[in-house]
Amino acid sequence: MTLVVPLSSFRRGDLALAGGKGANLGELIAGGFPVPAGFVVTTAAYDLVAAGHATRAYFEKLEIPETLRGAILTAYRELGGGPVAVRSSATAEDLPGAAFAGQQDTYLNVVGEDGLIDAVRRCWGSLWSERAVAYRDRLGLDHAEVRIAVVVQRMVAAEAAGVMFTADPVTGDRGRLVVDAGTGLGEAVVSGLVTPDHYVLTPRGEIAEFAPGRREVVVRALAGGGVSHETGDGAPAERLPGGVLRELAGLGTAVARHFGRPQDIEWTYAGGEVSLVQARPMTALPPPPLGKLGPIRRKLGTVLMEYLPVRPYPIDMSTWVPYGPAGLMAQVTRNFGLRGAFDHFIEEQDGVAYRLVPPRPHPSAKLLVAPLLIFAKARRYDPARWSGDPRFQRYLDDVRELTKLDLAALPWPELVRTPRRVLAAVRPVAGLRTDYLPRSGLSLLRLRAALKLLGRTDLFGALIAGARTRTSDANRALEELAEEARTTGALARDPMPEAFQAALREFLAEYGHREGASPLLVTPPTWADGPETVLDLIKVLAAEPPRSEPGDDAMDRLLAHPRLRGARKRDKMVRKVHAARAGIAFREDSHFSFTMPLPALRRSIVEIGRRLRDAGVLDAPEDVFHLRLEELEAIEDVTALGDEQGRRLRASATARAARREELAGVRLIDPRAVFPARDAGDALVAGTPASAGTATGPVKVVRDPSEFGRLEPGDVLVCPYTNPSWTPLFQRAAAVVVDTGGITSHAAIVAREYGIPAVMGTGEGTSLLADGRQVTVDGGSGVVVEAR
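The numbering used here applies: residue 1 is where the sequence shown begins, and numbers increase by one.
Don't read these hints as lab results, they were simulated from the structure.
Just so it is clear, the structure is predicted and the values come from calculations on it, not from any experiment.
The C-beta atom is built at its ideal place from N, Cα and C for all residues, glycine as well.
One should not assume that every hint holds.
Subject to a maximum C-alpha distance of 20 Å in a straight line, what follows is the list of computed SDA-like cross-link-like pairs (lysine to any residue) [claimed, not checked]:
| # | residue 1 | residue 2 |
| --- | --- | --- |
| 1 | LYS366 | ALA430 |
| 2 | LYS576 | ALA450 |
| 3 | LYS299 | GLY337 |
| 4 | LYS452 | ILE743 |
| 5 | LYS539 | ALA528 |
| 6 | LYS292 | ILE346 |
| 7 | LYS572 | GLY461 |
| 8 | LYS377 | SER387 |
| 9 | LYS404 | ALA509 |
| 10 | LYS299 | ARG672 |
| 11 | LYS576 | GLY461 |
| 12 | LYS377 | PRO359 |
| 13 | LYS299 | GLN331 |
| 14 | LYS539 | GLY714 |
| 15 | LYS404 | ALA424 |
| 16 | LYS404 | LEU508 |
| 17 | LYS452 | GLY780 |
| 18 | LYS61 | GLU130 |
| 19 | LYS576 | SER593 |
| 20 | LYS569 | ALA424 |
| 21 | LYS539 | LEU491 |
| 22 | LYS452 | ALA579 |
| 23 | LYS576 | ARG261 |
| 24 | LYS572 | ARG379 |
| 25 | LYS572 | GLY714 |
Computed beta-carbon distance windows for the label pairs [unchecked claim]:
| # | residue 1 | residue 2 | range |
| --- | --- | --- | --- |
| 26 | GLU414 | GLU63 | 52 to 62 Å |
| 27 | GLY175 | ALA376 | 46 to 56 Å |
| 28 | PRO65 | PHE210 | 44 to 54 Å |
| 29 | ALA134 | GLY260 | 26 to 36 Å |
| 30 | GLY52 | ALA664 | 31 to 41 Å |
| 31 | HIS344 | PRO545 | 43 to 53 Å |
| 32 | GLU622 | LYS452 | 50 to 60 Å |
| 33 | ARG131 | HIS362 | 49 to 59 Å |
| 34 | GLY175 | GLU63 | 46 to 56 Å |
| 35 | ASP47 | PHE210 | 40 to 50 Å |
| 36 | GLY250 | GLU348 | 44 to 54 Å |
Construct the complete structure from the given sequences, taking the supplied hints into account.
The following block contains the structure:
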């Protein structure tokens, strides 16, 4: 049994025996990097003494078998005795998706044999501290599968020490290294006891930025063992010598290259030498900056940011992302000679969606004849009549069949084929979009041109907002439910009155396929799968009587123009407005209809997950979201799933869940790349003017549909994105401020319809504006200012 092994014997693949820290340090030694010598008390030693026990107290009182004690002390003597650093090295730490930083214990300047044995016991016990157990629970890791090794290294009595990131942890820039340094041992920097000196370096070690620290605390090694925490004088320490900075930059760059990804490195400096005492993959690192985007990529980024407010799961990436609305638009643009407009805009890493990259469209030869194709289709296909197209009727028939499926009763082979059936059903939709969008677009252009000749382009937004759409139908139906709730007190009664429940069921039957977070993803619950979202909307609407229905004031103002006095001129202009509205209605209503299969797709995937849970492969049905459709289709019979295949699926789901958890605080794209900073002057926030007017009220930040119920009438709604499911909130909000989107987005159109100010594309409104702050929104100039 291999109980104690020299640190230099390990490589990065030896995780199971040396733990993450030990394996990485052994790899550094093999790569020729300066690492203090040491040894590892392996996971085999932990298994020997653990005996199925899983409490911290058990290990701290444990008498170590003589064989193991002897092996540890022999290695200690061969190391030369003296002070050592004793560090925990769990098998689940220092991984790309789970750093476990600070979750297990480290003991510095341990002196003597008894002190070493005690430190090893305490490291074992730290695997079962409350914080370590809670961290593993959050990542969904099986406690029974996690073990711990202990790394023992010669202690470096550091003059200075700290942490180095080989990429900028804030911007994601891989061309910058960030070094935090403090006087004495590195514990002061790592544990946050001190404000460190902060260096931003180029790969050659040149200082790009520097901020001095305050040296509040200095941690030093004591002669007899242990450390002291001395109160610093608060004065800045001397800067690290230029040679040390250059050496750190060189080492950091080489280590990142060796491991193939940016690293989080702990280092020490003593006696003129730099040593590395830990290296692990950087976690929660933003994607590399995209650089300056051209206007087309920025426009595509605006659309994609609005439609992808949350990170797709692997099941999204293999189903609805490539085959749903984005995939359909990719096919439409290809039909007109533009390739790559909506393809491959999500970059994956470690099997998880990593970042959004606005695509680079490029023309094909077909683009030369695109104008002829557009005009031909515009003459033939009228969006006002699209719903009568036989292709659409066949599509509805297919959707109805899919909706009727009793998924729980389907045999496995048929169930696992259901997602592909859904995806195949929506494929013909691309043809409908290809045929009916040309006249929709041309009608909008004609109206805008006509308004420009009259000098009334200011009416364009309000005129097209008058289109009746399925979204506006849903909003009116919600108002009717809210009116019933307000007059009967239905929401306050338990159970709710049967009449109200019946009306709610009828509403969900008609509109329940409406997406919650995103129309491009299948994993977020739809209204039918998460009816609490609908109840929250009703609660907001029921808080006060409804506003009057928006009239057609814009049309009246247009027809009053002196150059439209003749009946024929007015009729011609009315036809242009109606044609433009039909185009807008087609865009809205086709989107509404083409998301109808979402509940069937989501429920079939969850049913597959339920059966995998029952087979012991997954812990919960929704864990199936971490798998790809092709992985599920490879399962011939879930009831006869082999142990190896089951373990492989479970391992993939667990690793991807950990990686996704690591990226939880990382945006898919930096908003500043799509929405460049504007000169806001004295304004709190600036963005794109989207709906004119001003309004004052308290800020209410609503980040996702689960928070709909927080909005109160008169609040300024500040949100990261919107889609049609958000628009009922606009009936009560005083104004709308959105991080993403532009003048043609759903939010902008509905805001104009209801006559409330809207500012889109602020980039960071949800970060800069806090709940309760009194602000004034000017939708005409696109700014949000402090209320006076």
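Outcome of the hint check:
Taking the CA atoms of LYS366 and ALA430, the gap is near 17 Å; set against the 20 Å cutoff, the hint holds. Straight-line distance between C-alpha atoms of LYS576 and ALA450 comes to about 9 Å, which keeps the hinted pair within the 20 Å bound. For the hint linking LYS299 to GLY337, the alpha-carbon distance of about 19 Å falls within 20 Å, and the restraint holds. The straight-line distance between the Cα atoms of LYS452 and ILE743 is roughly 18 Å, inside the 20 Å bound, and the hint therefore holds.
Proximity of LYS539 to ALA528 is assessed by CA-CA distance (about 17 Å); at most 20 Å being required, the pair is judged to hold. The hinted pair formed by LYS292 and ILE346 meets the criterion: a straight-line CA distance of about 18 Å does not exceed 20 Å. Straight-line distance between C-alpha atoms of LYS572 and GLY461 comes to about 19 Å, which keeps the hinted pair within the 20 Å bound. Pair hint LYS377 plus SER387 holds up; C-alpha atoms about 16 Å apart against a cutoff of 20 Å.
Restraint check for LYS404 and ALA509: the C-alpha separation of about 12 Å stays at or below 20 Å, so the hint holds. Restraint check for LYS299 and ARG672: the C-alpha separation of about 13 Å stays at or below 20 Å, so the hint holds. For the hint pairing LYS576 with GLY461, the CA-to-CA distance comes to about 14 Å; that is within 20 Å, so the pair holds. Restraint check: the Cα-Cα separation between LYS377 and PRO359 comes to about 27 Å, which exceeds 20 Å; the hinted pair is violated.
Between LYS299 and GLN331 the CA atoms are separated by roughly 18 Å; this keeps the pair inside 20 Å, and the hint holds. Restraint check for LYS539 and GLY714: satisfied, since their Cα atoms lie roughly 14 Å apart, inside the 20 Å limit. Between LYS404 and ALA424 the alpha-carbon distance is near 17 Å, which keeps this suggested pair within the 20 Å criterion. A threshold of 20 Å between alpha carbons decides the hint, and for LYS404 with LEU508 the separation of about 15 Å falls inside it, so the pair holds.
A threshold of 20 Å between alpha carbons decides the hint, and for LYS452 with GLY780 the separation of about 19 Å falls inside it, so the pair holds. For a cut-off of 20 Å, the pair hint linking LYS61 to GLU130 stands: about 18 Å separates their Cα positions. Simply put, LYS576 and SER593 have alpha-carbon atoms about 25 Å apart, too far for the 20 Å limit, and the pair is violated. A C-alpha spacing of about 47 Å is found between LYS569 and ALA424, which places the hinted pair above 20 Å, so the restraint is violated.
Straight-line distance between C-alpha atoms of LYS539 and LEU491 comes to about 8 Å, which keeps the hinted pair within the 20 Å bound. For the given pair, LYS452 sits about 17 Å from ALA579 by alpha-carbon distance, which is consistent with the 20 Å threshold. Between LYS576 and ARG261 the alpha-carbon distance is near 57 Å, which puts this suggested pair outside the 20 Å criterion. A distance of roughly 18 Å separates the Cα atoms of LYS572 and ARG379; the hinted pair therefore holds under the 20 Å criterion.
Restraint check: the Cα-Cα separation between LYS572 and GLY714 comes to about 40 Å, which exceeds 20 Å; the hinted pair is violated. The beta-carbon spacing between GLU414 and GLU63, approximately 60 Å, falls within the hinted interval of 52 to 62 Å. The hinted range of 46 to 56 Å is satisfied by GLY175 and ALA376, whose Cβ atoms lie roughly 50 Å apart. For PRO65 and PHE210, the Cβ-Cβ distance of about 52 Å falls inside the hinted range of 44 to 54 Å, so the restraint holds.
Look at ALA134 against GLY260: about 31 Å separates their beta carbons, and that is inside 26 to 36 Å. Checking the proposed 31 to 41 Å range against GLY52 and ALA664 shows it holds: the Cβ atoms sit about 33 Å from each other. A C-beta distance of roughly 49 Å is found between HIS344 and PRO545, which places it inside the suggested range of 43 to 53 Å. In this structure, GLU622 and LYS452 meet the distance hint of 50 to 60 Å, their C-beta atoms being roughly 51 Å apart.
The given range of 49 to 59 Å is respected by ARG131 and HIS362, whose C-beta atoms sit roughly 51 Å from each other. Evaluation of the 46 to 56 Å hint for GLY175 and GLU63 yields a pass: the beta carbon distance comes to about 53 Å. Distance hint check: the CB atoms of ASP47 and PHE210 are about 48 Å apart, consistent with the given range 40 to 50 Å. Against the hinted window of 44 to 54 Å, the Cβ-Cβ separation of GLY250 and GLU348 comes to about 32 Å, which falls outside the hint.
Checked against the numbered hints listed earlier, the structure breaks hints 12, 19, 20, 23, 25 and 36; every other hint is satisfied.
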